[in-house]
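Could you put together the complete structure from these sequences and hints?
Residue numbers (the numbering used here), protein chains in the order written: chain A, 1 to 330; chain B, 331 to 580.
No lab work stands behind these hints, which were simulated from the structure alone.
Where is the CB? At the ideal position from N, CA and C, for every residue including glycine.
Among these hints, one or two may not hold up.
[As the list claims (entries may be wrong)] Here are some, though not all, of the chain B residues that point toward chain A, as calculated from beta-carbon distances under 7 Å:
id, residue
1, E368
2, V501
3, D506
4, V531
5, I535
6, S571
7, W572
8, P573
9, L575
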Amino acid sequence: MSGAVISNLTVDFATRAGLHHAVRAINLAAGPGRILGLVGESGSGKSTVALALMGLLAANARVTAGTLQLGGDNFDLAQRDATAELRGRRMAMIFQDPFASLNPVFTIRAHLSEVLARRAPELAGEARQQAAGDALAAVGIDRPAVRLTQYPHELSGGMRQRVMIAMALACEPRLLIADEPTTALDVTIQAQVMKEICGLRDRIGCSILIITHSLGLVAEYCDDIAVMYAGELVEQGSVHAVTANPGHPYTRALLACEVTIDAARGADARQSRFRMIPGDLPDPFDPPSGCIYRTRCDIAIADCARIVPPPVEVGGDAAHRARCIRVGAR
Amino acid sequence: MSTAISIREARVRFGHTQALDGVSLDVQPRDCFGLVGESGSGKTTLMRTILGLERLQAGSIALFDIPLGKSIKQRARLVQAIFQDPAASLSPRRRIGQLLDEVGEVMGETREEIRIRQRSMFQRLGLPLGTLDKYPYQISGGQARRVAVARALLMRPRILIADEPTAGLDVSVQGDLLNLLQELRADNDLTLVVVSHNLAVVRLIADAAAVMHRGRIVEQGPAAQVFDAPSADYTQRLLASWPRLRAATA
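This is the structure:
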């Protein structure tokens, strides 16, 4: 399988309190024409994965190991600027905050022209203008000719995020990384933006990595899912397999905590109670031995403190693996 | 019993924007009332108006039949709020305990009286007493929300408004805060207003709800009706856009 394959990605942060292993030996694969949803809560390290791929980590971070395989080429992520040649060409990223990711002093045309100049230097003048307008039209922005002359502050949040997608589209990337692309947007706009991202996948067949805390978003729009907890990958597989039959107790608990719009509702709202996961994230400077989740796990046994769980196949599906020694034990 | 919040034809304008465009609603005492809508719909403006933080251009608001005029002090005894991002609404330069001592000053209590109430409130909300000596940046997002709840309840309000109580909280901890709100409602003679864009949460926690869009209420009624049998197009569109966990709930 081609697409994007991330192997053994490990990222450390040097902090005043010591070395923080923010991401530990992560393996991920986003197939071509597929959307992989990387879910995790605050502090799980999911955004660090995205920034490590893009080479945009903070100065105190260091990728100690990891490779990215993209379209037959290998990139050693531990090298400085390992993916610099990919950025804006074969790899693009959409950031969380559409209000902060466009430059306020440049028009929309200037933003798109910059991308196009990098992607297709042979296009100049009229042809580039035309391509910029087409890129906006392709993501459902009306009156593209007018929008090109506008500045970011003149557009709504949903429109700005679509401009970001248009810029990504103009790159025609092999791998698109989207970090919480719809978190800042309303739910009706979120649906539109996600449809544009799915449309991008269908048009150019790229691999898409969506980083999100929303299981609902992953279930609705992604093909595959990977679940991170405290810097480690605990489960991955197809969205259908993982949501229907979660193998890891953390995934199971997360799914149970999700408040769904069609949840059973009693006659008396006073009686409604909500699920939560008791306990706290482990201390990053003193993680538990064995399984990273065992301190909050409801089915942990003595062995969980001794064994670092390897990925185990779930439900006879080779693509669905959970890192739990008690898979099937509920 | 009198209506907890009664709003008639409220209008608020900011420049060219009609933020509230003739809003009328009634909240019954001891109910949980859910106010939902997208950004810019006017739900936060409505909440701020109830708190006396925005001036009405026209219309009226009464809390427990008391028409609210200029007295902020009187209003503060009736209604308190937990604002979005409570960590940011706590002064970073003062310890939690110092921030809560101010409640005693407002309530005209001695330092001893308010300290006793602080401690019993913290115990009740499951906050470690050591939190009182911490600065806001030293506590977690979930704890900061509990501190905001403690501050609001120490004012002994009859109405508590929670603005996006779960925004920014992880799904594994948001249930904790929601259950706390549910318990407070059971123990106290408290009317709760939850302002949120999270339809799924409001659907479960609210007895009655209103949906806002462009400064107007497009639908209001019992939560079961608003969320499970909506009549307004806009409500239907909102509910249809909400992502579903199909496989998991199938």
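Taking the least C-beta to C-beta distance, is D506(B) closer than 7 Å to chain A?
Check passed: Cβ of D506(B) comes within 5 Å of chain A, closer than 7 Å.
How about E368(B): closest beta carbon in chain A under 7 Å, or not?
holds (4 Å)
Holds or violated: S571(B) as interface residue toward chain A, Cβ cutoff 7 Å?
holds (4 Å)
Against chain A, is W572(B) within 7 Å by beta-carbon distance?
W572(B) check passes; min Cβ-Cβ to chain A is 4 Å, inside 7 Å.
Satisfaction of the I535(B) interface hint, Cβ to chain A closer than 7 Å
holds (6 Å)
Per-residue hint verdict: V531(B), partner chain A, C-beta under 7 Å:
Holds - the Cβ of V531(B) comes within 7 Å of chain A, reaching about 5 Å at its closest.
Restraint: P573(B) near chain A, CB-CB cut 7 Å. Satisfied or not?
holds (4 Å)
Minimum beta-carbon distance criterion (7 Å), L575(B) to chain A:
This interface hint holds because 5 Å falls under the 7 Å limit.
Minimum beta-carbon distance criterion (7 Å), V501(B) to chain A:
The hint holds - V501(B) has a Cβ within 7 Å of chain A, the shortest such distance being about 5 Å.
Every hint from the earlier list agrees with this structure, and none is contradicted.
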